[in-house]
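In case you want the letters, here they are:
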Amino acid sequence: MTVGLFIPCYIDQFYPGTAIATLQLLEKLGVTVVYPPKQTCCGQPMANSGYEHLTTGCNELFIDNFSDFDYIVSPSGSCILHIKDHLHSEGRENEAVQIRHKVYELTEFLTDILKVEQLDAAFPHKVGLHQSCHGQRGLKLSQMTELVAAPFSKPLQLLNMVKGLELIPLSRQDECCGFGGTFCVAEEAVSVKMGVDRVADHLEHGAEFITGADMSCLMHMEGILKRQGSRVKVLHIAEILNSSAQ
Amino acid sequence: MSTTSTKDHAELAGQFNADEKRVDWHDETLWWIRQKRDKAVNQLPEWELLRETASKIKEHGLSNLSNYLEEFEANAQANGITVHWAADAKEHNEIVHGIIKKHGVNRMVKSKSMLTEECHLNEYLTENGIEVVDSDLGERIVQLAKEPPSHIVLPCIHKKKEEIGDLFHEHLGTPAGVSDPQVLTETARQHLREVFLTRKIALTGVNFAVAETGEFVVCTNEGNADMGAHLSEVHIASMGIEKIIPKREHLGVFLRLLTRSATGQPITTYSSHYKKPRPGQEMHIVIVDNGRSVQLGRKDFRNSLKCIRCGACMNTCPVYRRSGGHSYHNAVSGPIGSILAPNLDMEKYADLPFASTLCGSCSNVCPVKIDIHDQLYKWRQVIVKAGYTTKAKTAGMKMMQWTLSSPGIYHAAGKAGRMVMKYAPFAVNNALNPWYKQRDMPKPPVESFDDWYKKNRGNK
Ligand code: SF4
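Protein chains in written order, with the working numbering: chain A, 1 to 246; chain B, 247 to 706.
These are computed hints drawn from the structure, not numbers from a lab. The beta carbon of each residue, even a glycine, is placed where N, CA and C say it ideally should be. There may be inaccurate statements among the hints.
Unchecked claim - Straight-line Cα separation of at most 27 Å, BS3-like style, residue types lysine-lysine; simulated pairs:
{"id": "1", "chain 1": "A", "residue 1": "K28", "chain 2": "B", "residue 2": "K282"}
{"id": "2", "chain 1": "A", "residue 1": "K84", "chain 2": "B", "residue 2": "K615"}
{"id": "3", "chain 1": "B", "residue 1": "K594", "chain 2": "B", "residue 2": "K624"}
{"id": "4", "chain 1": "A", "residue 1": "K226", "chain 2": "B", "residue 2": "K267"}
{"id": "5", "chain 1": "A", "residue 1": "K140", "chain 2": "B", "residue 2": "K689"}
{"id": "6", "chain 1": "B", "residue 1": "K267", "chain 2": "A", "residue 2": "K140"}
{"id": "7", "chain 1": "B", "residue 1": "K683", "chain 2": "A", "residue 2": "K233"}
{"id": "8", "chain 1": "A", "residue 1": "K140", "chain 2": "B", "residue 2": "K552"}
{"id": "9", "chain 1": "B", "residue 1": "K689", "chain 2": "A", "residue 2": "K233"}
{"id": "10", "chain 1": "A", "residue 1": "K84", "chain 2": "B", "residue 2": "K267"}
{"id": "11", "chain 1": "A", "residue 1": "K140", "chain 2": "B", "residue 2": "K701"}
{"id": "12", "chain 1": "B", "residue 1": "K594", "chain 2": "A", "residue 2": "K140"}
{"id": "13", "chain 1": "B", "residue 1": "K282", "chain 2": "A", "residue 2": "K84"}
{"id": "14", "chain 1": "A", "residue 1": "K126", "chain 2": "B", "residue 2": "K644"}
{"id": "15", "chain 1": "B", "residue 1": "K545", "chain 2": "A", "residue 2": "K84"}
{"id": "16", "chain 1": "A", "residue 1": "K140", "chain 2": "B", "residue 2": "K615"}
{"id": "17", "chain 1": "B", "residue 1": "K545", "chain 2": "A", "residue 2": "K38"}
{"id": "18", "chain 1": "B", "residue 1": "K637", "chain 2": "B", "residue 2": "K253"}
{"id": "19", "chain 1": "A", "residue 1": "K38", "chain 2": "B", "residue 2": "K644"}
To be verified - Stretch by stretch, here's where chain B covers chain A in the computed footprint (C-beta under 8 Å, at least three residues):
{"id": "20", "region": "146–152"}
{"id": "21", "region": "199–213"}
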């Protein structure tokens, strides 16, 4: 099985640790991983701003880079959701459709395709799990509190395999952090207030780390934590799952 | 975002956020209602099936709307109700005014109707010398405050009880400083009782209009629609064309969904059926289009007409809870308002579909399963293509497109100062980076993943 690793632009540029952890974790689990060097971005920042018509270049590039793989995996629920919902190509729609069916967010790839049941990871800390909306409500990584349906959570299933990790409860299990792409600047006041409230929920419950499957939300919360001078850190779930047990 | 000079959502929300304590209070109050809703719906194992059923009934109704409307009209007429058709808000207001004039009166009592808010009926009638008293307590409060409602189910949810006490002191003569809800409610009750007894004409909204029987159902918790209608000589009911349901038996589905979604109650206190005027009474129904048939013709947005105005999407919306209903500058606020309003005036409401993180919670609570957040996304595309966006934003997006479409330029841009920071998503439409106002920037690492990969795995 060969997996194409898709690293979204902002992870490539700001959070290489997340990308490295994703790569190493997949390799540890016996997967052959290839990182196509010519990748840039899924096009979501433009599409969510109303400029989906400008994403043709990104789409074609994505198809060039990834159509040959068995699976495409990325440590970002939001980007994967965008590809799943909006990757199209005038000349190569067939390939686009295939890609839409073989892209996976990291945690769902681990639970649903690799069917991981144990991990050799340890992280002896109090951790709060942020459910990023696009992963949760879009990709259905976890059950949603609005629905009357049986609970499940793919990220949680994995975190439970990590030795020493203590998961803290939250008052609001799946409230949005307010990042929202360009929303974070276009609606600065509300975006920040949402982030402040989300962070406060984690802090009140004693989190030392806030983790999640989407670095963009974590980046937003990190910005708030740092401004508050907090010692609490954000860490992508890949880095926790990849942390070695000693 | 909007090219008009009126204030947009972001600006109004910014003002609302100047008082953080108030934002917290607003957020917590509405979240409490969302929790009551959760509790109520979790008592029904068939909840998701109910939602699906309601959605399908509405879908069928919308697909056969003209037939059901005609069936409803014929049955209502046979029951002795006069049916009027209004193409838009103006016609609606003129029809209502015409009925009032015909009876030679200059005042009317009105129960809650979001349609009349949408049509700005109160302003129109006031300009024409007709006094309107809103009889829903929340509506009466915002009416006294000369404000529009901020929520479709809880019109004065933005007001604290002390502020209501001040309003009642000024307008209804309660002692200064009294804010005990019981005292205020009793005062309102006495005040409204006099209104109910003296107004000859009562206007109500319509929650459901049953095609099969020609009857309509009005849901209130205060019984104020009933008080007004039963004591009146003339009952006018205003309804949008989408309020039609085919059969009476379908009410069982909608009445179970409506108030559980709205407030967590199993059913509204009063779900009153009006079928024919009592002897000596006149009953009118005004059926209003006002843009609805245009929306029905928009493939991506027609589903929005399924809305039963429960307000659940507002209560759950993390943006609404922290920006307040007035920031949507439209009669219907929140997520549903944001997908209805652009249909009425795309330029004026160009900002609303952007007042969302697309988190999707609204679509999940919606009892008729409207794909609200997907429609917000789709409206963004429509609005940008129609040109209701700023030149700066378009320029920024084009720059981003250019950078991201070419791996060479992208990686060069990354080296030259972290491309993401330059174009996406922070600095797109702002000269001064609003990210930094209340948030620190991520620290650029020594090397990007791409650099690391080349170094560590390059020879593979
Ligand atoms: S869109 Fe759905 S949730 Fe929102 S008010 Fe209408 S019916 Fe209720």
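Status of the hints after comparison with the structure:
Of the supplied pair hints, the one linking K28 (chain A) and K282 (chain B) is violated, its CA atoms being roughly 46 Å apart against a limit of 27 Å. Taken as a hint, the K84 (chain A) and K615 (chain B) pair is honoured in the structure, with Cα atoms around 21 Å apart against an allowance of 27 Å. A distance of roughly 17 Å separates the Cα atoms of K594 (chain B) and K624 (chain B); the hinted pair therefore holds under the 27 Å criterion. With a C-alpha separation of about 22 Å, the suggested pairing of K226 (chain A) with K267 (chain B) holds against the 27 Å cut-off.
At roughly 31 Å between alpha-carbon atoms, K140 (chain A) and K689 (chain B) are farther apart than 27 Å, so this suggested pair is violated. The suggested pairing of K267 (chain B) with K140 (chain A) is violated, with an alpha-carbon distance near 34 Å, which exceeds 27 Å. The straight-line distance between the Cα atoms of K683 (chain B) and K233 (chain A) is roughly 20 Å, inside the 27 Å bound, and the hint therefore holds. Between K140 (chain A) and K552 (chain B) the CA atoms are separated by roughly 25 Å; this keeps the pair inside 27 Å, and the hint holds.
Of the supplied pair hints, the one linking K689 (chain B) and K233 (chain A) holds, its CA atoms being roughly 13 Å apart against a limit of 27 Å. Pair hint K84 (chain A) plus K267 (chain B) does not hold up; C-alpha atoms about 40 Å apart against a cutoff of 27 Å. Under the criterion of a C-alpha separation no larger than 27 Å, the hint pairing K140 (chain A) with K701 (chain B) is inconsistent with the structure, at around 36 Å. For the hint linking K594 (chain B) to K140 (chain A), the alpha-carbon distance of about 35 Å lies beyond 27 Å, and the restraint is violated.
For the hint linking K282 (chain B) to K84 (chain A), the alpha-carbon distance of about 34 Å lies beyond 27 Å, and the restraint is violated. Note on K126 (chain A) and K644 (chain B): the hinted pairing is violated, with a Cα-Cα distance of about 43 Å set against a maximum of 27 Å. Distance check on the hinted pair: K545 (chain B) and K84 (chain A) sit about 21 Å apart at the alpha-carbon level, within 27 Å; holds. Restraint check for K140 (chain A) and K615 (chain B): satisfied, since their Cα atoms lie roughly 17 Å apart, inside the 27 Å limit.
The straight-line distance between the Cα atoms of K545 (chain B) and K38 (chain A) is roughly 37 Å, outside the 27 Å bound, and the hint therefore fails. A distance of roughly 18 Å separates the Cα atoms of K637 (chain B) and K253 (chain B); the hinted pair therefore holds under the 27 Å criterion. The straight-line distance between the Cα atoms of K38 (chain A) and K644 (chain B) is roughly 20 Å, inside the 27 Å bound, and the hint therefore holds. Counting residues of the region 146–152 of chain A whose CB lies closer than 8 Å to any CB of chain B gives 4, which reaches the minimum of 3, so the coverage claim holds.
Counting residues of the region 199–213 of chain A whose beta-carbon sits less than 8 Å from any beta-carbon of chain B gives 0, not enough to reach three: the coverage restraint is violated.
Violated hints, listed in ascending order, are 1, 5, 6, 10, 11, 12, 13, 14, 17, 21; each of the other numbered hints is respected by the structure.
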